[in-house]
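Here is how the chains run, residue by residue.
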Amino acid sequence: MTFARRAWIVLWKDVMVEARSKETLNALVFFALLLLFVFQFALGPDRERLGGVLPGLLWLGFLLSGLLALGRTFLVERENDCWEALLLAPGDKSAIYLGKLAGNLVLMFLVEAFIVALFVVFFDVALGAALPSLALVIALGTVGLAAMGTLFSAMTANVRARELLFPVLLLPVEVPVLLATVRATEAALAGEGLGGVTHWLGLLAAADVIYVVVGVLTFDFVLEG
Amino acid sequence: MLTRWLGALAAVALAVGLVMGFGVAPREASQGTVQRIMYLHVPSVWVAYLAFGVVAVASVVYLWTRAAGADRVASASAESGVIFTGITIASGSIWGKPTWGTWWTWDARLTTVAILFVMYLGYLLLRAMIEDHERAARYAAVLGIVAALDIPLVHFSVLWWRTLHQPPSLIKPGAPTMPPEILAALLVNFVAFTLLYAYFVAKRVALLRREAEALA
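Here the protein sequences line up with chains A and B, keeping their order.
With the first letter of the first sequence counted as 1, position 126 gets the number 126 in the working numbering; the numbers rise by one all the way through.
With the first letter of the second sequence counted as 1, position 87 gets the number 87 in the working numbering; the numbers rise by one all the way through.
The set of hints was computed from the structure by calculation and includes no laboratory data.
From a predicted model like this one, the values you see are computed outputs, not experimental measurements.
Do not take every clue at face value.
[Said to hold, decoys possible] Examples of chain A residues toward chain B, derived with CB under 7 angstroms: (1) M155; (2) L165; (3) V168; (4) P172; (5) V173; (6) V175; (7) V222.
[To be verified] Stretch-level coverage of chain A by chain B, calculated; a stretch enters the list once three of its residues show a Cβ under 8 angstroms from a Cβ in chain B: (8) 157-164; (9) 176-185; (10) 194-207.
For each residue, glycine too, the CB sits at the ideal point set by N, CA and C.
Using the sequences and the hints given, assemble the complete structure.
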């Protein structure tokens, strides 16, 4: 079996499990809705004031949902006693990493699309022309978030204080991604296009490449035992 | 034995550094005595970066060879690095209050060091939370590599985010602009802190080896 085929099988399995149970997606969508309420209650109803912090709020929403979604990546395997089967899978373990990463990206993109839709409705964000550039920023940022999230999720899956350790490891590493995406989202939502933030996009692309390559190279060591 | 000599050497160098910093080096005109914090602050941040570099190299070596020694060096170096990062932040704060008028500001290099601090605290937490030694070593090595590769990203993102810090005054093109006494005091402290770091690591590695032997 080729590398790509093995990664595809892991992705297909995860998508199938999620499509049938909808366990994670349902809870995440509900969580995103609650986050929106919390943001609104914490910051007050003043739309003028909210306008300036919307890009930050948007990424705070993505980040918090991401912490929940990504942290669960390998939990399913533990709960269903599939961990050993994963270890027994033939060939390079990095195929499992890429499959899991792809599954996480699908999940994150769905939740993010929902959060963006909520922002449009509740905060009266005029997307229109900003949509393509916003989509690019979200895609780049999410890959960076999910690449490290998937790796750390495997590392913390067997630790007792998993829920605590996962965000503690992920958040500091993701600071560059957060800074870059918030700035780029500001530019996109302001309708300025992405011309003025190309250095931020470059940083995001560099982060994506570094994170995915490191994930692929080190995953074998993580899944050893 | 070697460790003891290293410790003695570090103590002597630190004493000389203190005398140089407080006695020989002149009082800086615009900042006053507060400027002398530099003799603690700048060597600390150098040692912190050195320590995290050593963590990265030791992590790669560990994953490559599975030598327990490399893991112990990584662990000891990360601990020292966090300590020296803490000293950097604390001394910088104490210097910043009279000079900038604030304990803390989200200046580029301050922020970078603060992020490194939490990143490597997470690294130590990961080590502490995994009971199985071999697995803790493997996971920590992966994180040590990730963190080191993240440093340039953190550096540039935070730099673009904002900057207020004065530009580096020692390593830059052209001759250093400091008076020779200040430069000498600074260099002596660089050597002293590096020796101190080496002593800490050597001591910790020896301790970790005995711990492993006792548990085996």
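Structure-based check of all given hints:
no., hint, verdict
1, M155, "5 angstroms, holds"
2, L165, "6 angstroms, holds"
3, V168, "5 angstroms, holds"
4, P172, "4 angstroms, holds"
5, V173, "5 angstroms, holds"
6, V175, "5 angstroms, holds"
7, V222, "6 angstroms, holds"
8, 157-164, "holds (count 4)"
9, 176-185, "holds (count 4)"
10, 194-207, "holds (count 5)"
Going down the numbered hints, you'll see the structure goes against none, and every one checks out.
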